[in-house]
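Need the complex rebuilt from these two chains, each delivered in its own frame; the hints are there to steer you.
Same order as they appear, the protein sequences are chains A and B.
For the first sequence, the numbering used here begins at 86 and goes up steadily by one.
For the second sequence, the numbering used here begins at 2 and goes up steadily by one.
One or more hints might be untrue.
[As the list claims (entries may be wrong)] Derived list of chain B stretches under chain A, where covered just means 3 residues or more per stretch with a C-beta under 8 Å from a C-beta of chain A:
id	stretch
1	44-54
2	60-68
[As the list claims (entries may be wrong)] Below, a list of computed lysine to any residue pairs in the SDA-like style, where the Cα atoms sit at most 25 Å apart:
id	chain 1	residue 1	chain 2	residue 2
3	A	Lys526	B	Ala23
4	A	Lys715	B	Asp61
5	A	Lys684	B	Val41
6	A	Lys243	A	Val591
[Said to hold, decoys possible] Computed beta-carbon distance windows for the label pairs:
id	chain 1	residue 1	chain 2	residue 2	range
7	B	Lys13	A	Glu456	19 to 25 Å
8	B	Lys13	A	Asp732	42 to 48 Å
9	B	Asp28	A	Thr708	30 to 36 Å
10	B	Asp71	A	Phe528	24 to 30 Å
11	B	Asp71	A	Ala709	29 to 35 Å
12	A	Thr708	B	Asn29	25 to 31 Å
FYI, nobody ran anything at the bench for these hints, they're computed from the structure.
Cβ coordinates follow ideal geometry from the N, Cα and C atoms, glycine included.
For reference, the chains in residue letters:
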Amino acid sequence: MSQRAIHKSEIETLEKQGCSADVWETVQVKNNFNPACIRNVHFSGRVTIGRCGQDVERAHGFPAKSGVYNCTIRDCSIGDAVYISDVKLLANYEISDNVIIENVASLCVSGETAFGNGVEIEVLNEAGGREIPIFDRLSAQTAYMLTAYRHDALFIEKLKQMIAVYVGTRTSTRGAIGAEAVIRNCGTIHNVLIGPAARIDGALTLKEGTVGGSIHDPVVIGAGVIAEDFIILSGSAVDSGTMLSKCFVGQGVRMGKGFSAENSAFFANCEGFHSEACSVFAGPYTVTHHRSTLLIAGMFSFYNAGSGTNQSNHMYKLGPVHQGILERGAKTGSFSYLLWPSRVGAFTAVVGKHYANFDTADFPFSYITEEEGKSVLTPGMNLFTVGTSRDSRKWPGRDRRRDPEKLDLIHFDLLNPYVTGKMVRGIEQLRLLYEKTPKEKVFVTCAGIQVRRLMLKSGIKYYELAVKIFLGEQLVRLLSEIEAGFSVENVVSHIVHAGEVDFKWVDLAGLLSPKDRIDELMKAVRNEEIFDLDGVHRHMLDIYNAYDAAVRAWFIRLVEVRYDINRSDVTATHLVQILEDWKESAQKLHNMIIKDAYKEFDSSSKIGFGIDGGPEDRDEDFTAVRGMHKTNSFVTDLQAQSQRIEDTAEKWLSVLS
Amino acid sequence: MKHSEIQSRVKKVISEIIEIDAASIPDNANFIFDLGADSVQSVSLVAAFEEEFDIEMDEDKALEIQTVSDAVEFIAGYL
Numbered sequence: 086m087s088q089r090a091i092h093k094s095e096i097e098t099l100e101k102q103g104c105s106a107d108v109w110e111t112v113q114v115k116n117n118f119n120p121a122c123i124r125n126v127h128f129s130g131r132v133t134i135g136r137c138g139q140d141v142e143r144a145h146g147f148p149a150k151s152g153v154y155n156c157t158i159r160d161c162s163i164g165d166a167v168y169i170s171d172v173k174l175l176a177n178y179e180i181s182d183n184v185i186i187e188n189v190a191s192l193c194v195s196g197e198t199a200f201g202n203g204v205e206i207e208v209l210n211e212a213g214g215r216e217i218p219i220f221d222r223l224s225a226q227t228a229y230m231l232t233a234y235r236h237d238a239l240f241i242e243k244l245k246q247m248i249a250v251y252v253g254t255r256t257s258t259r260g261a262i263g264a265e266a267v268i269r270n271c272g273t274i275h276n277v278l279i280g281p282a283a284r285i286d287g288a289l290t291l292k293e294g295t296v297g298g299s300i301h302d303p304v305v306i307g308a309g310v311i312a313e314d315f316i317i318l319s320g321s322a323v324d325s326g327t328m329l330s331k332c333f334v335g336q337g338v339r340m341g342k343g344f345s346a347e348n349s350a351f352f353a354n355c356e357g358f359h360s361e362a363c364s365v366f367a368g369p370y371t372v373t374h375h376r377s378t379l380l381i382a383g384m385f386s387f388y389n390a391g392s393g394t395n396q397s398n399h400m401y402k403l404g405p406v407h408q409g410i411l412e413r414g415a416k417t418g419s420f421s422y423l424l425w426p427s428r429v430g431a432f433t434a435v436v437g438k439h440y441a442n443f444d445t446a447d448f449p450f451s452y453i454t455e456e457e458g459k460s461v462l463t464p465g466m467n468l469f470t471v472g473t474s475r476d477s478r479k480w481p482g483r484d485r486r487r488d489p490e491k492l493d494l495i496h497f498d499l500l501n502p503y504v505t506g507k508m509v510r511g512i513e514q515l516r517l518l519y520e521k522t523p524k525e526k527v528f529v530t531c532a533g534i535q536v537r538r539l540m541l542k543s544g545i546k547y548y549e550l551a552v553k554i555f556l557g558e559q560l561v562r563l564l565s566e567i568e569a570g571f572s573v574e575n576v577v578s579h580i581v582h583a584g585e586v587d588f589k590w591v592d593l594a595g596l597l598s599p600k601d602r603i604d605e606l607m608k609a610v611r612n613e614e615i616f617d618l619d620g621v622h623r624h625m626l627d628i629y630n631a632y633d634a635a636v637r638a639w640f641i642r643l644v645e646v647r648y649d650i651n652r653s654d655v656t657a658t659h660l661v662q663i664l665e666d667w668k669e670s671a672q673k674l675h676n677m678i679i680k681d682a683y684k685e686f687d688s689s690s691k692i693g694f695g696i697d698g699g700p701e702d703r704d705e706d707f708t709a710v711r712g713m714h715k716t717n718s719f720v721t722d723l724q725a726q727s728q729r730i731e732d733t734a735e736k737w738l739s740v741l742s
Numbered sequence: 002m003k004h005s006e007i008q009s010r011v012k013k014v015i016s017e018i019i020e021i022d023a024a025s026i027p028d029n030a031n032f033i034f035d036l037g038a039d040s041v042q043s044v045s046l047v048a049a050f051e052e053e054f055d056i057e058m059d060e061d062k063a064l065e066i067q068t069v070s071d072a073v074e075f076i077a078g079y080l
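Excised from the complex, chain B in its bound form (with noise of 0.2 Å):
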């Protein structure tokens, strides 16, 4: 899958957890600091990406993702 396209995704995903425009996250936003995201959003998103690419997320380093291009170089290694 392409990176960019793993990207698009990943916004969609966003989107519709923390409820905003997809178009309107940069890629490089962090979860809480620019887009808002409160503890159980961000653990919601795990759950999220995981669905979106039917994927197994370690739930540990899960956690490390902070920012929409953590979220896609992490997804890109499952991939």
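In isolation and in its complexed conformation, chain A is listed as follows (with noise of 0.2 Å):
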């Protein structure tokens, strides 16, 4: 519906209704224009109106006309079904249909912004040199590059240009307010872009930024937020009292309960409840719920931070210019302490404090303990306690992202080539180090950590057991896959055609690549092949999409390279071997992890149950409580998966025999 000017007879009556403007001329309505909606308003600039007059439903529930009241409007354009009330500066905004602001001291944009797009955050080195330019379509995946591959100075300087050509286009002198967004009772929001059904109620100061999101999957603002320099992304809640200075957050992100951070980026899934992060790149599934917690300088995935945890970049030397990586599925104990530099191995588990710098990427599944203020590595230990085997299967069920686009690429499988490639390094050091070790050293250092010789064997049994788990799944999965035209040539023709493939993998704050692929990637960026973001993300969607067959081709090499054959030469034999190993590892595993749930119902945590009672009481109120370990969900999931391990290993085995 066209837009018109204001008649005469409308003003007398918009001015008997207190509204004022500085030139009338300029303030337009559509045809149908109800001037009973209109009060107390004062306009300023060029304003059009939409339709008004229709039902909102204000906040509490209380019924109102869509209209604008008790307001200053200044150079703005609203949408239909508007409900605008009590906001004391609403300027340069594009406002959409069905919005909804009442209460708000000031809504404005001016000068021109990018509403938080091309601010760069100074992650994972606080001092800076890593910086990320945030944009509102940033993936984990392209913010590890931007942090991470800086020996790459081209490669980087040619993203960033990418990201200024985009950043240019969300340039603008005007704001947007997207559909069905509400916002009420907030303080100052200022050179902010809103997108639909945002919910943002009680903010106090909105600064610079881009409240994203979409009517599939909106964004919420709650109380006493306090935002300067940010992108929120779809789905996500940033609530009570949370405060971010020069911070990204991701699709499907969770924060409140007085969480601050500054110069942190949050991917998806993340949830920071409670404490404070600086400098951190919290890839997906970074988790920190606990007051005292400090999480600096850091590079995480996958990350629970246990109560009290706390990290140093700083040693009162150069500046705040350590960092660290905890690779993805590692968590960190209550009142655990890290001096960085210092780069644990995926699905490791840290507890104590520890002031030694290491680097156990090649360690996967550990535990680092302290020991009479050493740190102490027990390789492969972490492979089968229950909390790494939950955490793996809850994270997909998880998934917050309702967005039909998920920037964010991520792999879940626990056993995948990047931390089996780690287990295999893993294995050759300690191999190396028991065959050298004299018998009467305790301990040996192995990078930068102290290691019970002892636990040097059990390491390599422990990374034994798993490799073997990985290549049976691969294998039963490549069984199944042509089981209908099943012969052992056929078989050895998929493995002799799977494809080729780099024996390195990388992962990319979620997405599990070989590395010769995002070398491509790389390369494609520096020689301008890929000259946007659109083919950057192309290029990651295609990486991600080609897993599992890269996945294939990963398991084939290593067959080769345990078996020391050429693939060609792969017999029923060695399938046969295989699926043997997988039995029994994969049995001898779940049984340890079974027994290690065990331990959640002995006695030790039966302690202050049945508190006024005897044993009977003690053993009455625990199974009342945390029930029993037999019939305990996750205890029979795993039984259940350990028996159709062996029925599948028996079918196939009965097959190629």
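The structure is reproduced here in structure tokens:
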């Protein structure tokens, strides 16, 4: 419906209702304009008003008619069925249909702004050098490369140029408020782009930012939030006193309860409550829930920070220049401390305080403990702790992202080529150390950390279990795919034609990829064969979608390495060996995990139960609250899985024999 | 190997890993509840038993060893 100038009679009506305008001629309305819905409003500059008078619902469910009440409006375009009330200044916004804005001190855009796009945040190294220019389509993968691949200056330069071009497209002197957004009870909102269906209620200050989202997956900003130089993307909720300064908040993130962060990026499904983050690269599923927890100058993913976790990046020498990396799935126990720089291998649990600088990337699934002030690595021990198994099962089900376009590309497999490759390297290193270390030595130093000599051999055994399970799982996947036309020749044919793949893999904040595929991407960016961010994302998506085929190819390379054969020389004997190893190893590992779970039901776990009674009360109280080991759903699932593995292995072994 | 010798050597291993006096270890002591072993020490004990007796214990079954007497019986089965 076209806009028109306000009629003189309508102006008279509006003025009787307390309205005024710098110049009435620059205020436009639609044909069926109803002046009754505009009261106590001062208009300034060019303002267009859509249809009003429709029923809307105010805070607490009170009914109202759409329109504009008790406001100063400057240079705004207001859509249909919009309700605006008690806004001291609303300036330079395009307001879509069905928006509600009430009780806001100031909601305006002034000057040119990119709404947080292009703001450089100093992640990982607090002193700078790894800045990420954030933007509203930033993925964990692009951010990872910007952060970690500074060795390739030309690549970084080209990538930053692409981002600068994109930021240019987001730059404007006018803001937008998407359809069905609701903004209530807020303080100052300045230079903020607000996405469709966003709910902003009670925010104190929002400056220079984007509240993204979509109708499918809106953003929620709650009470007491203060955010400056930020981007918050779809499906995220930032609530209850959160303070953000120079931060990127990706999709499906939860923040609240006084969480504060600066110069940090949080990707898909992160959670931040109570605690503090500074110069943090929080990859997907990074979780910090407790007060007294400081995450600083670190890169994480699938990370759970125990209460009171603390890290230092400053040794009072050249400033806060140190950085730390916890690879996927690492955990830090309550009141653990890490003095950066250190790098902790995937799925490793850190307990205690650590002043040594170590790099345990080749020893995933380990325990790092403190023994009389020393940092001690127990390689492979976290493979059979129940927590690791439970974590790996819960993450896929906890993906909150409802946006049809998921920016972060995430692979969830616990045993994948990245960590399995690390274990293969770990086995080699442990074996060498074991062979050369005299028996009288209690500890040896490896990768900057102490390892009990006795645990070198145990670590090899644990890693061997996991590698055999990986091989078996992959072989069964292959056999299942060709079940209908099964023959050993057919299996070998699939193996021979599986393609080649780089043996080295990388974990780009959730995306698992052969290293050479990332190298290709970087080369294409350097050569300008890929020249925009869509091109970068498409290449990443190709890698993501080719994961299964790449894992298959890597599995075959691993078979070649372990059996010292060429893929064309694979025989039924090799296949039988892989299946038998799988059956035995998987059952062993499952039993070890079940035994670890049993500890959660042993007598020490019952301390404090049946508090005022005797042993029987204690047992009954425990059973009532915690249940029983044998009926625990996690345990029964593991047992069922163990049985399935045995059945599957037996089936294929009988076919192959 | 005699049962008593196994027991003596088991206690020696325990005393080294948990750092307590071997003579103070009761025959039926539980590693965790009586001797205060943590989970890392429990795993280290298995590795130490293997080396002391030159055996390869099943990783899964070895986790069932909770007491001195468990260890003695278990190791005797390998010798």
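**Report entry** Those earlier numbered hints the structure runs against, lowest number first
**Finding:** none
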